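Fit the two chains together into the complex; they arrive one by one in their own frames, and the hints show the way.
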Amino acid sequence: GQSLEQPSEVTAVEGAIVQINCTYQTSGFYGLSWYQQHDGGAPTFLSYNALDGLEETGRFSSFLSRSDSYGYLLLQELQMKDSASYFCAVGYRNNQAGTALIFGKGTTLSVSS
Amino acid sequence: ETGVTQTPRHLVMGMTNKKSLKCEQHLGHNAMYWYKQSAKKPLELMFVYSLEERVENNSVPSRFSPECPNSSHLFLHLHTLQPEDSALYLCASSQLDGGTEAFFGQGTRLTVV
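Sequences listed follow chains A and B, in order. Under the numbering used here, the residue at position 69 of the first sequence is numbered 69, and the numbers go up by one with no gaps. Under the numbering used here, the residue at position 84 of the second sequence is numbered 84, and the numbers go up by one with no gaps.
Isolated chain B (complex conformation) (with noise of 0.2 Å):
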């Protein structure tokens, strides 16, 4: 257990289909990260929320929108996905200037079918 909580699991999506995952930490850190990790592939940021405002965002297309309502809660909506979505996703939390340590949760399989 490492304080940080991710559900689903594991997720299978038609690519038609509307999902979100949900990520909870229970650290009292300030900032959450969504991370993919695809196969072969290095750990790819794709969102940060900082106070719960985002301020970094990768690049990443409109079909992943992230929500952060509080601090300890984070989201990221799914919608008309492709088959090359198809990753872990993680999310992980840290301190804000309390150096470089992050906790990830076991992340969320998904495939897009």
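For reference, chain A alone in the conformation it holds in the complex (with noise of 0.2 Å):
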């Protein structure tokens, strides 16, 4: 089967540096993405790692590891309007050559003045 695990909860402070980590378990893998979901939102992408290494995008960037079923997101310069929960998604292909992508359970992210 699939599965993802990352932390339920993170707290920061303005202008900190917090990383929310995420491990997985899934067959025909083939990329993991995250997304952001504000209270009463839909969740909206943010990043997306096929391959090994790290993508940067302005203050927020991810990181993948293919051999380890780790990825982790790294957010910078953290502004208040940043709480919200982040979700990271596991492209895979299904037997029936469809793709499709699984969620975790979310990361809450509450950061104070």
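By construction, these hints were calculated from the structure, which means they are not laboratory data. Being a predicted model, the structure only gives us computed values, none of them experimental. Among the clues, some could well be false.
Derived EDC-like pairs: lysine to aspartate or glutamate, alpha-carbon spacing no greater than 16 Å straight-line [what the hints assert, rightly or not]:
1. B:K40 / A:D39
2. B:K41 / A:E9
3. B:K41 / A:E5
4. A:K105 / B:E44
5. A:K81 / A:D52
6. B:K41 / B:E84
7. A:K105 / A:E9
8. B:K40 / A:E5
9. A:K81 / A:E14
10. A:K105 / A:E14
11. B:K41 / B:D85
12. B:K19 / B:E67
13. A:K105 / A:D39
14. B:K40 / B:E84
15. B:K40 / A:E9
16. B:K40 / B:D85
17. B:K22 / B:E84
18. B:K41 / A:D39
19. B:K18 / B:D85
20. B:K18 / B:E56
Dropping the structure here:
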């Protein structure tokens, strides 16, 4: 089966750096992505890693190690508006030659002043 | 506006009612998904349609019936639901083999009474 693990909650202060880890078990893996969801809103795409290494997009970076089935999202220069839930998601190919996304339980990030 | 539109945004229905949720995407994607998001639980994949064919059904009860008449539209038909089916139902779309970037609608908040 498919499974992902990430911490349930993380707290930090404005200006700090926070790392949210994600470990996964899946067959047919082809990529790891991260989504942000504010209360009452839809998840929005943040970043995607198909290959090992670091991808940087502004204040957010994402890392993947396929051999370790591990990735993380790094948020720098935290702002109050970064308070949200963050989900890692694994893309995989299923037996019927389709593709699908499965999401972790989400990490609630609380940023305080 | 994410390019994925869901209607209605809110729905209250009795356990004997029949209703349908609608999702429409204007992004030219060829895969569409239904997810369920309950309080304190991860995003649960319900159905995946790839090139208008259902390729994944994660053991969803038969009281949920999906329909994908074309690549732009996805429905979720509901009948004889239970109170525990109350949740946020999210539709998403993506491009097959286009990475794991999925675009979500704003969701339908369903309450079963």
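Right, here's what the structure says about each hint:
Pair hint B:K40 plus A:D39 holds up; C-alpha atoms about 13 Å apart against a cutoff of 16 Å. With a C-alpha separation of about 13 Å, the suggested pairing of B:K41 with A:E9 holds against the 16 Å cut-off. For the hint pairing B:K41 with A:E5, the CA-to-CA distance comes to about 13 Å; that is within 16 Å, so the pair holds. For a cut-off of 16 Å, the pair hint linking A:K105 to B:E44 stands: about 9 Å separates their Cα positions.
Distance restraint check for A:K81 and A:D52: the Cα-Cα separation of roughly 29 Å exceeds the 16 Å cut-off, and the hinted pair is therefore not satisfied. With a C-alpha separation of about 13 Å, the suggested pairing of B:K41 with B:E84 holds against the 16 Å cut-off. Distance hint between A:K105 and A:E9 is fulfilled; the C-alpha atoms sit about 11 Å from each other, no more than 16 Å. This hinted pair checks out: B:K40 and A:E5 have alpha carbons roughly 15 Å apart, not beyond 16 Å.
A hinted pair counts as satisfied when its Cα atoms are at most 16 Å apart, and A:K81 with A:E14 qualifies at roughly 10 Å. Distance restraint check for A:K105 and A:E14: the Cα-Cα separation of roughly 24 Å exceeds the 16 Å cut-off, and the hinted pair is therefore not satisfied. Restraint check for B:K41 and B:D85: satisfied, since their Cα atoms lie roughly 13 Å apart, inside the 16 Å limit. With a C-alpha separation of about 13 Å, the suggested pairing of B:K19 with B:E67 holds against the 16 Å cut-off.
Restraint check for A:K105 and A:D39: satisfied, since their Cα atoms lie roughly 15 Å apart, inside the 16 Å limit. Proximity of B:K40 to B:E84 is assessed by CA-CA distance (about 13 Å); at most 16 Å being required, the pair is judged to hold. For a cut-off of 16 Å, the pair hint linking B:K40 to A:E9 stands: about 12 Å separates their Cα positions. Of the pairs offered as hints, the one joining B:K40 and B:D85 holds, with about 14 Å between alpha carbons and a cut-off of 16 Å not exceeded.
At roughly 21 Å between alpha-carbon atoms, B:K22 and B:E84 are farther apart than 16 Å, so this suggested pair is violated. Under the criterion of a C-alpha separation no larger than 16 Å, the hint pairing B:K41 with A:D39 is consistent with the structure, at around 14 Å. Proposed proximity of B:K18 and B:D85 is supported: the alpha carbons are some 14 Å apart, at most 16 Å. Taking the CA atoms of B:K18 and B:E56, the gap is about 24 Å. The hint is violated against a cut of 16 Å.
Hint violations for this structure: numbers 5, 10, 17 and 20, all remaining hints satisfied.
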